[in-house]
Each structure stands twice: as C-alpha cells, then as structure tokens.
Amino acid sequence: MRALAAILGLLLGLSLGLGYAWFVSPVEYTDTEPSMLRAGDKAEVLQLIAAAYAADGDVERARARVTALGEGDAAGVVTALTQRLAASGAEAASVQSLAALAAALGGQPSAVTPIAQSASPTPAPTDTVAPTPLPSATPFFTATPIVVPGLPTSPPITGLFTLTNTETLCEAGAALLQVIAQTAAGEGLRGVEVIVEWAGGQDRFFTGLKPQRGVGYGDFEMQPGVAYTVRLADAPDASYSARAEPCTEAGGNVSATSVRFTFTQP
Amino acid sequence: MRNVIIFVFMLTVGAGLGLYIGWVAAPRAAAATLASLRPSAKDEQVLMIAAAYARDQNLSLARSRLGALGFSDPGPAIVDTAQRTLAAQSAPPDPATGSGRDLRFLAQLAAACNTFSPVLQPYLP
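The listed protein sequences correspond, in order, to chains A and B. Here my numbering is used: the first residue of the first sequence is -4, the next is one more, and so on. Here my numbering is used: the first residue of the second sequence is 397, the next is one more, and so on.
Isolated chain A, as found in the complex:
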C-alpha cells in the first residue's frame, strides 16, 4: 500500500511538473539565431530579404541572409516560397521580389539585376538546353497582341506583349508548357506571371525561376491528354490552348510533347 502511494505520488508529481514546464511555462529563448525561427517567421524574413535585395541589388548579401536562416539551398527555398505565394494569390509586388531574388540566387548573380533598379531588363543568359523540335512542328496559334498593364513595382514588365512564336517540342522527360517572355531584342524578362487552367484546376508560375534555362523562361508540367489554357496574369482576355500528345523523341523513346510559347514586347 505504501509502495502504491509512493508510485502514484511520483507519477502524478512527474506529470504535473512536466506539464507545467512544457505547456504552462515553457522555456523562453533569448538571443536566438535566425535559424531557430518558426517557419512562418522564416517566410516573413525571406520576403523581407527579397524586398531588401530589390532595393540594394546585393545578391551575395541576400544569399548570406538566406543562409543565416539555416537554409542550405538558398535558391530552392526562395523558389519554393515564391511558387507557394503565387499559388495563394499573394501580393504581386512581393511575389515579384521573391521571383527576382530566386532568379538571382540561381547561379548567375552577376548577370541579374533586381527588377526595381532596372529600367531595362537584364540580358538572358545563354540557354543551355536545346530541345529538338518535331519535324512537322507548325505554329498552331495566331499571334495576338496581349496588353499587359504596367505593374507599379516592375518597370520592365510593361507594354504590349505579342505571342510571336509557338513550338511543339518532343523532349525526353516530362511534357512541359513552356513560356518565354522577352523584349524585342530577345532579352529575357523575369517575373512575368502566367496562369494555367484546365478542367477542374488552375495553377500559376513566373518566368525567371529557372535561370539556367533563361531569365525569361518559365514552365509548367502537363499531364498527357489534358487540355490546358495558358494566359498572362494581366491579360485575362487573351488565352491559348495547349495539350501534351504522345511523340517519339530523337533517341527513339516515346515521350509527350511540350509546347513553348514565346511572348515578345515590341
């Protein structure tokens, strides 16, 4: 009986002590490292880093700040947040700042200038991917002018976009809906928001998040046989259709077609 009282008392006391220490009055940290922040606070800080980068254009400083959050893959974490915010319909200026930072962190820091400081867009890096067009590839969309109203925080992405080229490609790997936004001189424009819709769904992406394929490049993975509609976010009246169809790529493997739209400013 005494042993039972002792065990019961010990267990009850232990529970009370632990409950108080863990839930009622947990340890409060002071002088903490940024890497210990909550995920939500880290996202806030990432947006702040992107906003500061847009103001000072110092990509190495921005990279150091992202790294201080304990994120090894700086470009990856910024890209992921950009896409998440874009999908949730967050403020365009914030998403564009993040997109610019993601592009800058992607491997060509010296070639990328923040949108806010650039009156003219930065030339696109050389596109290292050379997809093989289908021999019978024929543009199946008529070039239609798309008016993109000037975005207050993105001077380069203004004016008139025209769909200047459409290609059907047969590449190894996933079928991609590719968009290239460029100036008349062929310089890539990052931060152009593209909306993709299909029966029962919608997604959006930005150009410039895969700088290894060009500053003005963005893509979306299509499912074979599904009909998609693509449009620029600020030109809801001009939309184009795309669909991934089976094809045989140069290596003889069966794949699905990718579709590439090129939008050009005059």
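One or more hints might be untrue.
As the list claims (entries may be wrong) - A few chain A residues that face chain B, going by a derived Cβ cut-off under 10 angstroms, partial list only:
| id | residue |
| --- | --- |
| 1 | 15 |
| 2 | 26 |
| 3 | 157 |
If you are wondering where the hints come from, they were derived from the structure by calculation, not from laboratory data. Even for Gly, the Cβ is constructed at its ideal location relative to N, Cα and C.
With chain A fixed as given, assemble chain B onto it according to the hints.
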C-alpha cells in the same frame, strides 16, 4: 496517515523531477520568435526593413515589421542600429554604396518615424 505523507512526499519529488526534465534536461523545443533574436540579427532585420521601406514607402508595413521585432517605439531602435553600423566602419561610409547606403535607408525610415538624430542627419537627402 503515513500513506498520505508518503504520497505527498513523492508527489513533491515527482513535481521537482518533472520541472527539472521540462526546463533543463529536455526543454520543449519551442521555436524562437523575431523578438527573441540576438541583437546583431535584429540589426540586420532593421537594415532590411529600412531598405524595403526605401523601395515601397510603406510606413505601416515597416512599423508592423519593427513591431514584430519587439520595438514598440521604432525610432530609438533605428538610431541604435545606425550607431552600431557606423561604429563598425573604419572610415565614413559612402552614402551611395554598402554601409553608407544602409545608413541612408535608416535615415529615411527614422525620418518617416519622426525621429531625427545627428548620427543620421548627414544621410538624409
């Protein structure tokens, strides 16, 4: 009666053991907040807030961000950050680049918060 005494004694021992485990041996992994950052990290946050304000001129957003850092009165915090930034320089910084640009951003934000300091005066337009 003895059982009650034993129960209370063990309850006390258990509670003490629980507190030791919960506070010292295995504290609950609560994430840090922006307000709990070390001072140098807070300075970095203030610099970024000032840079962002210089670009978007959104004072309420800047105040909100400074509030999240625990600065209910942001003016002194901005001046303190400026003083530490200046103290870290071996020569007067160029207002167009690096730390000088940071100080220019801080001066603009401080002025927007109705805080004026001799430290920041040279960096105001």
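Verification of the hints:
Hint on residue 15 of chain A holds. Least Cβ distance to chain B is approximately 7 angstroms, under the 10 angstroms limit. The criterion of a C-beta within 10 angstroms of any C-beta in chain B is met by residue 26 of chain A, whose closest approach is roughly 4 angstroms, and the hint holds. For residue 157 of chain A, the suggested interface contact is broken, since its CB lies about 30 angstroms from the closest CB of chain B, more than 10 angstroms.
Checked against the numbered hints above, the structure violates only hint 3.
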